[in-house]
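Undergrad: With chain A fixed as given, assemble chain B onto it according to the hints.
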Amino acid sequence: MSIDVKANGNSLSRRPAQIRNRQRWSTFVLELTVVATMIVVGTLLFILGYLLFKGLGSLSIGVFTHGPAPEGSPGGGLRNGIIGTLIMIGLASAIGIPIGILGGIYQIEAHGKFAWTVRFFTDVLNGIPSVVIGVFIFIVVVGPTHRFSALAGGLALGILMVPTIMRTTEEILRLVPNPLREASLGLGASRWRTMFSVILPAAKGGIITGVMLAIARIAGETAPLLYTAFGNTHFSTKLSKSIDALPLNIYNYATSPYPSDNRLALAGAIILISLIFILSLLTRFTTGKQFVDEK
Amino acid sequence: MSLTTPSPSNQPLTNNLSPVGSPKKVSLTDRTLSQSLDKAYVALLFVASLTILVIVFGLFLQLVISAAPSFKAFGFGFFVKDDWDPGRDIYAARPFILSTLYSSLIALLISVPISIGTAIFLSEICPKWLRTPLSFLVELLAAVPSVVYGLWAIFVMIPLLVTYVETPISNVHWLTKLPLFDMPPNGTDMLAAGLVLAIMVTPYITAVSRDILRAIPRSVREGSYALGSTKWEAINLVVLPFARAGITGGVILGLGRALGETMAVTMVCGNGMGVFRLSLFNQCSTMASVIANDLGDASGVHISALIEIGFVLFIVTMLVNTAARLLIFFTAKDIQGGGKKL
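From first to last, the protein sequence lines are chains A and B. Numbered per the numbering used here, the first sequence spans residues 18 to 312. Numbered per the numbering used here, the second sequence spans residues 177 to 518.
Be aware that one or more of the hints could be misleading.
[Claimed, not checked] Derived EDC-like pairs (lysine to aspartate or glutamate); straight-line CA-CA distance at most 16 Å:
no.	chain 1	residue 1	chain 2	residue 2
1	B	Lys-407	A	Glu-48
2	B	Lys-215	A	Glu-126
3	B	Lys-509	B	Asp-387
4	B	Lys-407	B	Glu-300
5	B	Lys-248	B	Asp-265
6	A	Lys-130	A	Glu-88
If you are wondering where the hints come from, they were derived from the structure by calculation, not from laboratory data.
Looking at chain A on its own, in the form it has when it is part of the complex (with noise of 0.2 Å):
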């Protein structure tokens, strides 16, 4: 009977101190993990700091309105870089839009051998390096025509955009209810007035998600450019010639030993950082609200 307190008594005394040890072991280990998330945090406040600090200082008017400088000397702007862009972006809306959306609709109508092979597919293109893209833009159109184009860029980046915008359409059209499809084929109404009319109008602000998301991802794409559009020293808004971009700018100018250079550099990454962000921004208030409500 004694020893059998005494034997309690023992484990009792110990007890504690293992709880203890195994509470600030508990305690230890996920103050490691706040001191990963600081890093992580830590890192990306230095990076957009640092950005905004400089870049915004950099920002001037003559940085929209004016076209390159000659080497080494003050005073250019990112004029022809900005409005290629924009050209580009609007080509590879152009071919990645459509595409995807109606890819990712054909994803919810048809169920088969087919649909999954192209699903599959769609992930595997979402994996290709975007190097690798440019190059094959660069075997199936720079190789035939002879020339650089921003035709080549925009069918480039307009291929990267293709998945983002397949698999956000066909994830958005799954989450519509079903009973607004079988209440509009209930009242006669065919496969694709149903689509157009009921089902696409309820997914809408979804799909606009899925393009922003695909825009801000292609907006600052410069490897598969850097063998398609190449870039330009002169004011170009032809499709079939070399155009510039302002991610070949800040390529170019980053690594250039001028300081005029630099700047630019700068600010052509503050340009296209606010530009991605508010596109995120935008994305984040439309995605919230979608269904939910509606539940």
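TA: Frame of chain A, contents of chain B only:
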């Protein structure tokens, strides 16, 4: 059914379809027109889907066809030799392949612990009000274009790296005897490439890991607490084993990104064309950076050799990404299955 419930999205439905509602007005021609439009609609969708397949297979075929001259000329030596000499038209890609793998490995070594730690913090510990802004910040990190990371690395990271890391290391005599540090520091080198890659893949690995962790049912953690575990024991012994395959998938997805990452690496890796070395201070070129640097003004077999590198990159990233997706897919399935049982 749903027509009777007032809902804004039903409005266009009633408006647009009211003529169809009364059968008398539907003539035979209308119906055949509608049917043929339906056929056209399905055909249109099919064509769009087919286009995606054509792009992927076209890409594969074009890469194979255009890489053939290089493969014919250099055979398998292309992968195991070190000479890359446009002057003599001799090409072999081993240094680039090894540098790509090495820089991605460095990136993962740095990024994986930090990413998983952040994911655990975001899903397990973070107070609710802080979770959304932090997740948003991490997603912003993923949205920053590669070329902007490169710019930041050139202007900020490399000067810091040279002053506070590379010069101190190269001043310690016995450290410079190690193969890791046996070259004079440059700033633009393997270390810079690995670091920039680490920063760039961290948001991807964090996002996937966080999603996997959050998908694990709450009851799993509660069961562990009820058995007397501490918070970390619940995470380490119960939650993480559930999530292991999925998190591995996220890491492999990050690897896929790192292997194909181009601009930031091109801007900081030094673009040296010499043999592969283990030294972190070696000025190197990765597969993607060689393509980015050379393809714009190459000609003849040089182009073909670059395309062969692109083909290798394509195959490797495809395999890596497929593996990652399968892992994530099956973990998600497992979690759902486990959730039902519990």
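Undergrad: What hints, given by number in increasing order, does this structure fail?
TA: 6
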